[in-house]
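There are 4 protein chains.
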Amino acid sequence: MSEKINEPVLTNRNLLDRFVFTREYTERLVEFLQVEDFVIQPTLFVSPPKWHLAHTTWFFEEFVLAREDRYVRVNPEYAYLFNSYYNDIGSRIPRIQRGMQTRPTVAEVFEYRKRITESVVEELLREQNNPDNATLIELGIQHEQQHQELLLTDIKYILGTQYLRPGYAQDVFQSGTEHIPVTTEEYISISGGVYAIGHEGNSFHFDNERPRHNTLLSDFKICDGLVRNADYLEFIADGAYNNPMLWLDEGWSWINQHMINAPMYWEMKHGIWMHYTLDGLKPVEPETPTTHVSYYEADAFANWQGKRLPTEFEWEIASEHFAWGDRWEWTCSSYEGYPGYRAVPGAIGEYNGKFMINQRVLRGGSFATPNGHSRKTYRNFFHPDMRWQYTGIRLAARL
Amino acid sequence: MSEKINEPVLTNRNLLDRFVFTREYTERLVEFLQVEDFVIQPTLFVSPPKWHLAHTTWFFEEFVLAREDRYVRVNPEYAYLFNSYYNDIGSRIPRIQRGMQTRPTVAEVFEYRKRITESVVEELLREQNNPDNATLIELGIQHEQQHQELLLTDIKYILGTQYLRPGYAQDVFQSGTEHIPVTTEEYISISGGVYAIGHEGNSFHFDNERPRHNTLLSDFKICDGLVRNADYLEFIADGAYNNPMLWLDEGWSWINQHMINAPMYWEMKHGIWMHYTLDGLKPVEPETPTTHVSYYEADAFANWQGKRLPTEFEWEIASEHFAWGDRWEWTCSSYEGYPGYRAVPGAIGEYNGKFMINQRVLRGGSFATPNGHSRKTYRNFFHPDMRWQYTGIRLAARL
Amino acid sequence: MSEKINEPVLTNRNLLDRFVFTREYTERLVEFLQVEDFVIQPTLFVSPPKWHLAHTTWFFEEFVLAREDRYVRVNPEYAYLFNSYYNDIGSRIPRIQRGMQTRPTVAEVFEYRKRITESVVEELLREQNNPDNATLIELGIQHEQQHQELLLTDIKYILGTQYLRPGYAQDVFQSGTEHIPVTTEEYISISGGVYAIGHEGNSFHFDNERPRHNTLLSDFKICDGLVRNADYLEFIADGAYNNPMLWLDEGWSWINQHMINAPMYWEMKHGIWMHYTLDGLKPVEPETPTTHVSYYEADAFANWQGKRLPTEFEWEIASEHFAWGDRWEWTCSSYEGYPGYRAVPGAIGEYNGKFMINQRVLRGGSFATPNGHSRKTYRNFFHPDMRWQYTGIRLAARL
Amino acid sequence: MSEKINEPVLTNRNLLDRFVFTREYTERLVEFLQVEDFVIQPTLFVSPPKWHLAHTTWFFEEFVLAREDRYVRVNPEYAYLFNSYYNDIGSRIPRIQRGMQTRPTVAEVFEYRKRITESVVEELLREQNNPDNATLIELGIQHEQQHQELLLTDIKYILGTQYLRPGYAQDVFQSGTEHIPVTTEEYISISGGVYAIGHEGNSFHFDNERPRHNTLLSDFKICDGLVRNADYLEFIADGAYNNPMLWLDEGWSWINQHMINAPMYWEMKHGIWMHYTLDGLKPVEPETPTTHVSYYEADAFANWQGKRLPTEFEWEIASEHFAWGDRWEWTCSSYEGYPGYRAVPGAIGEYNGKFMINQRVLRGGSFATPNGHSRKTYRNFFHPDMRWQYTGIRLAARL
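Residue numbers (the working numbering), protein chains in the order written: chain A, -9 to 389; chain B, -9 to 389; chain C, -9 to 389; chain D, -9 to 389.
Read the hints as simulated data drawn from the structure, not as lab findings. Misleading hints may appear alongside valid ones.
Identical copies carry no separate label here, and so any pair may be met within one copy or between two of them.
[Stated by the list, open to error] With a Cα cut of at most 25 Å, we get these calculated PhoX-like pairs of lysine-lysine:
{"#": "1", "residue 1": "K344", "residue 2": "K211"}
{"#": "2", "residue 1": "K259", "residue 2": "K272"}
{"#": "3", "residue 1": "K366", "residue 2": "K211"}
{"#": "4", "residue 1": "K344", "residue 2": "K297"}
{"#": "5", "residue 1": "K366", "residue 2": "K272"}
{"#": "6", "residue 1": "K272", "residue 2": "K344"}
{"#": "7", "residue 1": "K344", "residue 2": "K366"}
{"#": "8", "residue 1": "K272", "residue 2": "K104"}
{"#": "9", "residue 1": "K297", "residue 2": "K366"}
{"#": "10", "residue 1": "K211", "residue 2": "K297"}
Just need the whole structure built from these sequences, with the hints factored in.
Next up, the structure:
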């Protein structure tokens, strides 16, 4: 039996509410930006906010509305400009040129959003709508939620790497702030055995969370709190960034090539470690969970502690026993398909499977993740050198 | 006797008018831009329009206003953000990061312009103003005029290299358009002999136009019209871009490495050569002077014709006998100091002298050059691979 | 209980024979090289043959002989020149400069080999030798065997990528040639269940083969023969290198960036696919197992067949049921430490653990692997774009 | 009237002697190399000694012997491997791959040399030989002499940039050593006026030394001795490498990008400046002329002294009044064709003209220049960042 992307139990009514809320929430997130901030792409992996707004819109146009033959696109060029990576759909602008397009303007992109939002709402209100569309609209909502988090981390990068370090805002996020302190650090022991892993039931999930399958774990223990900045400052003070014996070979090359000596967004000012946050440059807070570390740094930190990172399976099983959701937690699991995984045919199948190489799984979520978007079986993934997301470290060890 | 930068004969009153006009004209040139267009830097040698607006303003603040000790800067960070290349003044943002700064915003830059313009006007109206300031304000005007041309060519690059190829405008330029046809192509004969070269008299000129000195020319002839697109289309049709024997060795490498087969902004559409102009994408006009060619292309074209490019000295002497000012004309002269040239001490000395290496002199001017900015002794200069300026080709030969 | 690198059951006598044989076999492998061939490094991942000869020698000098305080090194500079990647030992020449050192000469390197070989033989013949040394000499032998295979694949690269494509030799290899045909292609079915994985017992093994541990497998089937060139030619003919839907995203970028359209060393001549082999350029043989493919290609081939690559655990369990050893077989397993794995402290711990990122496990061996060097629990590993080793493809699928 | 490459007054007999001597002298220069040293290419602008030996041979085969239709080439592949830059002749190996070819071997290259030398000797001994061939053989001799100097400077680079810094030899050079001290530093005054520049008469010269033509000079003075290391050590001690005001803009970028703080081959050891010479690493000698400086450094040094570099015309006129030939002396003249210069048609025309861009003229010669090869009208040329030749500095100034 083949995996389905999702099996929505929602009525169209529920879906409509969630659709409208999601579209509005994206716009709320960019409320404090200046027009100028919408345009630039300071590095390959960051996209201009304008692009996120248009791409999430194109996703609905392409996968929902344009399924009808008689549909007339808002602008046929947009398929080229706002396709991200779907080879099945056709050619697209090279990623590195996203920040070179000043047109369409921000106002035109908002107009595009408005028209597509209205068309999807009409589709959802229609009595006999296309039954597959509900599935695809749900996927579009989930997709837009993913981009909401990317939007915030890209905004942070855009503002936080420019010379004037302008702050952004505090009060647009559903899920609190990046300043919530860690309050516990006890180790929880979990017995080994055969455990079922992966999504269960009919609620929405991505194809990479299935098939649900058994896996065999050994006894292990895992910390109920994340690594705090106070811990990480000790790691730095102990000379960790100068000690090759703590690092993966590629990590050691990476910190030397890029002259890295602290998490991203940290900078030493007059002898004090400062940290750029979405509300501006602040002294590093000892009690908040360390963030913006690469896998290399998370792994080196664990080595320095004589511990290790959990596997994604250990994390999933143990996650009942601790609070999570403040940071995306690096696991030591390579991002692979679960036994029996197969991508669905066509463009939608390009969503997850083709990225299953050279990436590590992160579990949990962050304060920038939209409410209800993540779950314990959710598998986020990034290359080991990426750290502009709200990554964090949870330690584990053998019993 | 040392060279002076200029010896203004203008009263402050004249200077005031020209200053105010120059500041306003800059702003007129960006009238049709969207805010988004002000921000990006699609390649190293292009600067964001916002940057030009601020940099020309900083020039007055730094070299005129800040000479007074008690002057309080509008924003002390601007000296770092808007210094272009003056090492004597201090550190500055790496050129490649000009397009990464969304702040200050366009509105803030206009506010900065307004405040500096007002302060300079006050300075000029003051009864006993600093006598050196008139000289520096004149230099600032000339400097801003240079940036007016760069602004237009950078705007062309920003709009003309993006996917949607938006047009700009026709009616903001003092000096006509890029579409004026070539109407003559007669060769003028000039007898050899000793000729005086370089600026004469007290009117404004740059230090690189002096000392006026004698040079010895042989007999030569020079065409009174520029090379037209019709001529250049023949050159292409004759396979010139595939014939190494026509090219300088570096030129041959350059066209192959960058896969160049036509002037910049030319593209073949459905078998027709199109040309992006400031008023949009148009079919190439046979009679208008070829533009956006590199020195390599100009030199190869001349070889193909069995002719050569003129030296800058031949050009200066012959320029009485033909109309010029539609294109910056590549000469075969390397950009060097005239005999006895010496840069003035301090930051102002960085204006010209330090660039006297690996560049070719261009003479004349273009429709994008502000009225009155150029003159027959004016020496523009670019590296031989640069072609986003309104460059053109005039042929010469031995008699 | 911590893992030991190995627990040799060999007497010193046996070890002596194997040591002497290994040292001689290395030299036999380079017998047909010209002095010139020993020097160059055509790409970062290839080392000059001279370097392999010296590095394997330095390994014995550093880890066995130099453990004695009074030992006088043959040349103290060699530690800098011939250390590969042991940070614990000190600084070393950047990898990219290995091919820039013409000195010591080949003759001097052979002299160095001779002196170190003699010293180690003396150590082994000494009645009361250092008991740890036997362990380290065994490791040195295994290490040199690994370099014997690298030596052959680097020689192939050095000769096979130069303009004249000189052949090497056929008759120096213990284990046959690269031309042995595939004779079977039946699928073997294996039932799921809990299986023990990893090295068992006291014979030599690397630290990455331990701890032996249980893993849970589902039912699967696996082919008893490798993919042949005839199969791969069909894959090419079917347009696979132009079909993005078959490829991992990074694989698709990789083939496009490097303009790859066939396995390494394949070239089309007059309409016929030729293959450079150690005995020269030959038409591709349909029946021999495809080799010099990257992980990306192996994975795309499996997709095209509607199959998949086996995991390294499936491979280890199934390996009793088929012949292996002609090609290193890509598995879909990421190279990670087994549960409870920990690198030993010090330089020897840098042997395996620090490479456990972004690499895939290969199982089996190739005709270039020295006799007795590999075993069913042996874990070779390379980045997914590497293909200058004798890699190959074995298919698997769900039952 | 078109320029001829040369108008030899030599009889064939004289030519034969010079040919044979030149061929032998090349081989004498590599006498102390190890086979390994012949192969590598440590950087793009250095060629393997083996390549020089073969390329100079190919030049005679291609331009002299192969002019006869029935000539059978030693190996038809050699035209591809040993053509340097003659597009008119056909495709060739990319320059960067010269050091990747271990075949033909050094012995095979010597065999190739022997066969071509014999064939050219036969041609010269033949009673009715091709009259054009004498001209081309003379050009081949001059060409090989140029490569003799490149051979020595490339050998220096190959040995002097490797870790062990092996020395080469002292006693193979015709023209002394690099250690000859500077003994005078008086300024000579020259009056301005019209002077004839360029080669006069029928003896051998390159096409770039003609047409002889008049040029107009102002009064100037020029030093009769070269800048010594003692002078250059003061320049360094005065912080010149940290003072942007002394440098051309590109020079300042160049020293910062490459972290340059001294001439090439200088290194500080235990607080003493050492200098790698062809006879090994030695303390910098205060009295010998500074060498291995780029144009940027020569220009900055002159600025620091309040002087300038001479033009190539000043140099040619003044050269009667001082000794020269120890270092190639940077002039401030851009390398251009003389008025009326035109490259001859065909491959021979690629010898000089196509390099007339972005290079500076050097005049004089060095101890590594073969006896009789240079003359006062000889124009050497390099890019301003090149410094592996025996470059040096002579100062000039206005009167």
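We went through each hint and held it up to the structure:
1. K344 with K211: between (33 Å within a copy, 24 Å between copies)
2. K259 with K272: within (10 Å within a copy, 45 Å between copies)
3. K366 with K211: For K366 and K211, the Cα distance is within 25 Å only inside one copy (18 Å; across copies 32 Å).
4. K344 with K297: Result: close only across copies, 15 Å inter versus 32 Å intra.
5. K366 with K272: neither (32 Å within a copy, 55 Å between copies)
6. K272 with K344: Close neither inside one copy (39 Å) nor across copies (35 Å); limit 25 Å.
7. K344 with K366: within (23 Å within a copy, 30 Å between copies)
8. K272 with K104: Close neither inside one copy (37 Å) nor across copies (33 Å); limit 25 Å.
9. K297 with K366: within (23 Å within a copy, 30 Å between copies)
10. K211 with K297: Classified as within: same-chain Cα gap 10 Å, cross-chain 37 Å, threshold 25 Å.
Against the hints set out earlier in the document, violations occur for numbers 5, 6, 8.
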